[in-house]
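There are 2 protein chains.
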Amino acid sequence: MARIVQKYGGTSVGDVDRIKNVAQRVLASRAGGDELVIVVSARSGVTNELLARAKALSPLPSERELDQLLAVGEQETIALTAIALHAIGVDAVSYTGAQAGIFTDKGYTKAKIKTINPKPIEKDLKAGRVVIVAGFQGIDEEGQITTLGRGGSDLTAIALAAALKADKCEIYTDVDGVYTADPRVVKTAQKLNEISYDEMLELASAGSKVMQSRSVEFAKKYGVIFEVRSSFNQNPGTLVKEEVAYMEKVVVRGVAVDKDQAKIVVSNIADKPGSAAKVFRALADANIIVDMIVQNVGQGGVAALTFTVPSADKAKAVASLGPVLKETGGEVTVQEQIAKLSVVGVGMKTHSGVAATVFQQLAEAGINLQLISTSEIKISVVIALDRADEGARLVHAAFGLGEAKPAVA
Amino acid sequence: MARIVQKYGGTSVGDVDRIKNVAQRVLASRAGGDELVIVVSARSGVTNELLARAKALSPLPSERELDQLLAVGEQETIALTAIALHAIGVDAVSYTGAQAGIFTDKGYTKAKIKTINPKPIEKDLKAGRVVIVAGFQGIDEEGQITTLGRGGSDLTAIALAAALKADKCEIYTDVDGVYTADPRVVKTAQKLNEISYDEMLELASAGSKVMQSRSVEFAKKYGVIFEVRSSFNQNPGTLVKEEVAYMEKVVVRGVAVDKDQAKIVVSNIADKPGSAAKVFRALADANIIVDMIVQNVGQGGVAALTFTVPSADKAKAVASLGPVLKETGGEVTVQEQIAKLSVVGVGMKTHSGVAATVFQQLAEAGINLQLISTSEIKISVVIALDRADEGARLVHAAFGLGEAKPAVA
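Protein chains in written order, with numbering that gives the first Met the number 0: chain D, 0 to 408; chain Z, 0 to 408.
Intra- or inter-copy, both count: the list cannot distinguish identical chains.
Capping the alpha-carbon separation at 30 angstroms, the derived lysine-lysine pairs in BS3-like fashion look like this:
{"#": "1", "residue 1": "Lys240", "residue 2": "Lys113"}
{"#": "2", "residue 1": "Lys19", "residue 2": "Lys105"}
{"#": "3", "residue 1": "Lys122", "residue 2": "Lys19"}
{"#": "4", "residue 1": "Lys54", "residue 2": "Lys19"}
{"#": "5", "residue 1": "Lys111", "residue 2": "Lys122"}
{"#": "6", "residue 1": "Lys105", "residue 2": "Lys122"}
{"#": "7", "residue 1": "Lys118", "residue 2": "Lys105"}
{"#": "8", "residue 1": "Lys122", "residue 2": "Lys54"}
{"#": "9", "residue 1": "Lys315", "residue 2": "Lys19"}
{"#": "10", "residue 1": "Lys313", "residue 2": "Lys109"}
{"#": "11", "residue 1": "Lys54", "residue 2": "Lys125"}
{"#": "12", "residue 1": "Lys240", "residue 2": "Lys219"}
{"#": "13", "residue 1": "Lys164", "residue 2": "Lys118"}
{"#": "14", "residue 1": "Lys313", "residue 2": "Lys19"}
{"#": "15", "residue 1": "Lys122", "residue 2": "Lys220"}
{"#": "16", "residue 1": "Lys220", "residue 2": "Lys111"}
{"#": "17", "residue 1": "Lys277", "residue 2": "Lys111"}
{"#": "18", "residue 1": "Lys19", "residue 2": "Lys164"}
Don't read these hints as lab results, they were simulated from the structure.
Assemble the whole structure, with the sequences as input and the hints as a guide.
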């Protein structure tokens with residue numbers, strides 16, 4: 000008997016019929032006698048509807064009230080899922096984040112899980128019940144409702160899998176697994192059977208929409224092996240774990256494009272120690288995740304800092320820099336219409352030719368590189384938004400990712 | 000400085016614009032420096048939408064899961080109302096039933112309030128915040144979400160007014176107050192400036208839709224004076240309290256029609272002590288509220304029991320009687336297409352002519368009386384559904400209720 004955590008995303012529970020479908024999948028999973036914990040998201044669209052109402056009332060709604068508001072989406076789904084399971088004879092009980100003992104810090108809209116009390120869920124599992132838990136939400140020590148931010152339901156599933164010492168965590172979504180590139184853009188993209196946490200992390204931070212980085216980081220930290228697969232078919236998905244077969248031979252695992260980035264340039268800033276620190280401290284204090292950073296060599300006592308932030312945060316980023324720039328001098332400009340193209344693979348660190356191949360492919364197509372950053376297993380470049388898909392196809396082909404097996408050096 | 004509890008029903012918070020309207024009313028109420036606690040319902044329609052989804056999944060959803068589901072309606076509204084208040088510069092904070100410390104028993108879908116911990120709300124009121132509380136919901140000792148059943152938001156408001164020792168409780172709805180009859184049916188109906196708890200109770204149990212009996216009972220028990228008024232205009236409403244001016248002179252305060260009743264006849268039941276008790280014990284155990292009861296004189300060792308129940312409970316009532324009738328013998332028949340017509344007034348107890356006037360008016364119009372029941376301050380008759388409105392108009396006119404002042408003996 001295994002203990003399995005399954006997570007179903009918003010599309011998988013999008014309406015009553017899809018919830019019935021999830022119930023059938025749970026029934027089938029349960030046939031083997033496994034203990035099941037089901038994490039569900041809000042029905043697709045619900046979170047955006049709630050947000051739209053909030054924004055219609057206030058341009059900048061209180062984050063505490065937003066969490067109070069958004070938590071209802073998942074609470075609806077857990078109850079409906081439990082009712083659907085009862086209807087087909089499965090004993091099941093729903094838990095809000097608070098009831099599941101998912102304690103977080105007070106970081107409204109972006110709360111971090113601190114602890115999970117596994118006892119109430121353990122008790123229901125031992126009584127033979129399927130336990131359905133609201134994703135995305137938790138509670139702080141004072142009983143305030145918090146939400147975990149984007150991709151929060153995946154995080155709930157993986158954190159529960161760790162707390163409950165589950166044998167497996169299955170992340171059901173609307174795609175079959177992790178691909179070498181976005182199949183809508185690169186027709187020849189292949190599904191990967193396995194991928195390492197680190198590669199998955201780099202793909203996530205590179206804009207692959209499959210999962211958010213924090214969930215993968217959490218899984219890596221606690222050694223939670225999880226599978227990304229589709230709730231709409233029975234195809235095997237992609238297994239994400241520490242060690243992956245053939246890992247050393249694989250140079251490039253996949254290509255990702257992130258179109259939700261904005262480039263911010265802080266120019267004419269005083270070129271002295273501490274200027275950059277002040278800029279990034281201000282951004283960090285505003286809870287803005289800065290991605291690629293480049294500092295130009297200072298000339299005439301001034302320097303320029305260039306970095307990317309999620310598009311949604313660009314106004315907040317500019318606002319947070321106001322006080323700093325009064326002190327250090329300098330101006331801020333925002334450049335949109337950009338995309339970040341990344342290639343990821345653990346084999347890359349020993350193969351210096353990867354960067355050269357990427358740059359050459361793009362240069363030959365006349366695609367200009369605005370920023371470059373590299374990690375041990377990733378190379379990212381910022382290019383014009385309208386060339387991004389083309390760039391992805393070129394690079395994907397150059398590393399032979401469209402073939403039946405991943406590129407081998 | 001007064002402390003006021005205001006309750007806004009589903010129509011008053013039906014969409015974003017109406018929530019803005021409520022926020023403006025709260026802002027105006029606050030201008031005098033009063034402490035304000037705002038209880039809100041779910042947006043109108045939301046509870047029915049949620050119920051429809053549950054019923055699409057299961058004909059008889061678990062009551063525990065229904066409460067988990069339905070509680071989201073009010074949770075959405077509290078957050079939106081807080082956001083609307085922030086937008087116009089009013090410091091406000093929202094509370095779910097659980098956060099407000101509204102503890103109930105475990106009677107899912109019909110829970111009863113046991114205690115309210117006023118401390119968290121008191122603290123926010125003292126800090127100058129408007130406190131917005133989700134109506135209709137509470138929490139049991141184990142942290143399970145419960146709902147209070149129909150009219151639960153009114154009950155939340157009145158219970159909070161009692162727990163917080165509020166100076167006043169205002170129930171905002173989509174009508175101007177309590178009328179001598181339903182103005183949609185009886186065009187000459189007049190708004191009452193005041194009404195006693197007892198009269199209001201009888202009107203409520205007689206089917207007047209303004210408020211549920213339990214809220215009025217609670218108000219009477221704790222001496223909470225409340226005003227029923229409209230959130231769509233500035234008209235004064237109807238004050239509900241223990242003592243009402245001119246009370247002794249008023250024979251009949253109002254006329255009510257309840258069309259949501261079904262008549263159940265249990266015939267050929269063994270005419271011996273205990274038969275009726277068994278029937279009504281079974282109904283009580285199924286949490287069904289039985290209204291008018293008539294027992295026919297037994298003939299040939301068998302008797303007939305006739306009573307009315309809310310239409311929604313008729314199937315449950317019949318099902319609950321199954322085991323009893325196996326024991327006592329007898330058959331059940333359900334008669335729909337009936338209505339209960341009631342006249343209410345504290346002056347009635349000293350004026351025996353009231354019943355005669357009611358019966359005569361209906362007889363002259365050829366309206367047959369199927370059941371009759373009376374209390375100290377109410378006379379109710381069951382008549383055919385399709386004659387109910389006509390009957391109401393006749394009786395309303397007979398007591399002179401359409402005139403500018405209530406009928407005086």
